[in-house]
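**Q** One-letter residues, chain by chain:
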Amino acid sequence: MAEPLMPIRLEDARLMVEASKVREVLGRQRWLTVPGTAPYLRGVCAWKGRAIPVLDLAPLLGLTHDGTDALERTLIVECSDNVAAIPVSEAQAVIFVRRDQQRPPEVNAHRYCRAEVDSGAELASIVDLDALFRDLLGQDEGSATHA
Amino acid sequence: MRDPKHSLIRAGSSLKLQDFLVFETHPCCVAIPARDVLRVTTTTDPTLHQFVDMGVCLGITPISGESASSDRALAPMLADDGWAILAPANMSLVTATPEQLLPLPQLLQIDDSVTAILEQAGDASALILSCEALLRRQRKLLKADSESDTTRVPEEGKS
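Those protein sequence lines, which keep their order, are chains A and B. Numbering that gives the first Met the number 0 puts the first residue of the first sequence at 0, with every later residue one more than the last. Numbering that gives the first Met the number 0 puts the first residue of the second sequence at 0, with every later residue one more than the last.
Don't read these hints as lab results, they were simulated from the structure. Check the hints yourself; a few may be wrong.
No more than 25 Å apart at the CA atoms, straight line, and that leaves these computed lysine to any residue pairs for SDA-like [to be verified]:
(1) A/LYS20 x B/LYS139
(2) A/LYS20 x B/GLN105
(3) A/LYS47 x B/LEU101
(4) A/LYS47 x A/ALA12
(5) A/LYS47 x A/THR73
(6) A/LYS47 x B/PRO102
(7) B/LYS15 x B/GLY81
(8) A/LYS47 x B/LYS139
(9) A/LYS47 x B/LYS142
(10) A/LYS47 x A/GLU115
(11) B/LYS142 x A/GLY48
(12) B/LYS139 x B/SER124
(13) A/LYS20 x A/GLU115
Computed footprint of chain A on chain B, listed as stretches where at least three residues anywhere in the stretch have a Cβ under 8 Å from a Cβ of chain A [stated by the list, open to error]:
(14) 106-116
(15) 130-136
Quantities reported herein were computed from a predicted structural model and do not represent experimental measurements. In this text, a Cβ means the ideal position worked out from N, Cα and C, and glycines have one as well.
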């Protein structure tokens, strides 16, 4: 059975997220920086009449930001009723990836890498948004498996 | 300052509007409910003797380069003992509809001094601060400072 995934790029990093969790792909959004928050929280932005956190995936995935690539797209993702905005460099059309095309993380063994997909030309890691949100919201259940 | 009761509900309208004093600060603008403010005055106001610097409390700085401790002070209605909040000079009055007041997402609920977001023109434009929480936080800081001072003195004396 094939899984719908959305390929995204965060500067040099090739990633994929579950398409079912992406509510919208927007252009660059303005956000309000909130002082005193964790480095992975860029701030807060307004979306459909509510305030949602803006997450920086780079520190969460152990990636380095060189700031050279503009984050022109903003993914609006929803996990267990929690909505967040994630700025990325690029978001592509949804693709269907079979389970046997997914392999355990080896190259991109970051905390929230659920699996890797090798398309031949490039390797992308599938970000486990469920685990990421669970950790961010302090619900430790199951997070140890991703450490 | 207007009577806050009048600023909340405008005559002839069923829409509950709320006034905010919005300050341009870095890295984000902040807003204080006008109903919490007794008057806007200066630091030389003789009735005031304790100040809360919202810049120090929240890690924000005024945009215009003026010092965080500008000579503008907000005397919160909650404080009846001479406490006031120091604020930057660049202030504007914004009237907001209930739809413009967005609850803070759970991930950003750091403490109770930031209560919500004020949305303007489709952007989340300012953090709404609670005067009460700011005063409470500053009092707690002062108390901790004075307690650490009293415990530090004998140690300094020893050395």
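**Q** With reference to the structure, classify each hint as holding or not holding.
**A** Hint check:
| no. | hint | in the structure |
| --- | --- | --- |
| 1 | A/LYS20 x B/LYS139 | violated, 43 Å |
| 2 | A/LYS20 x B/GLN105 | holds, 19 Å |
| 3 | A/LYS47 x B/LEU101 | holds, 10 Å |
| 4 | A/LYS47 x A/ALA12 | violated, 29 Å |
| 5 | A/LYS47 x A/THR73 | holds, 14 Å |
| 6 | A/LYS47 x B/PRO102 | holds, 13 Å |
| 7 | B/LYS15 x B/GLY81 | violated, 31 Å |
| 8 | A/LYS47 x B/LYS139 | violated, 38 Å |
| 9 | A/LYS47 x B/LYS142 | violated, 43 Å |
| 10 | A/LYS47 x A/GLU115 | violated, 33 Å |
| 11 | B/LYS142 x A/GLY48 | violated, 40 Å |
| 12 | B/LYS139 x B/SER124 | violated, 29 Å |
| 13 | A/LYS20 x A/GLU115 | holds, 18 Å |
| 14 | 106-116 | holds (count 6) |
| 15 | 130-136 | violated (count 0) |
Consistency note: the structure conflicts with the earlier hints numbered 1, 4, 7, 8, 9, 10, 11, 12, 15.
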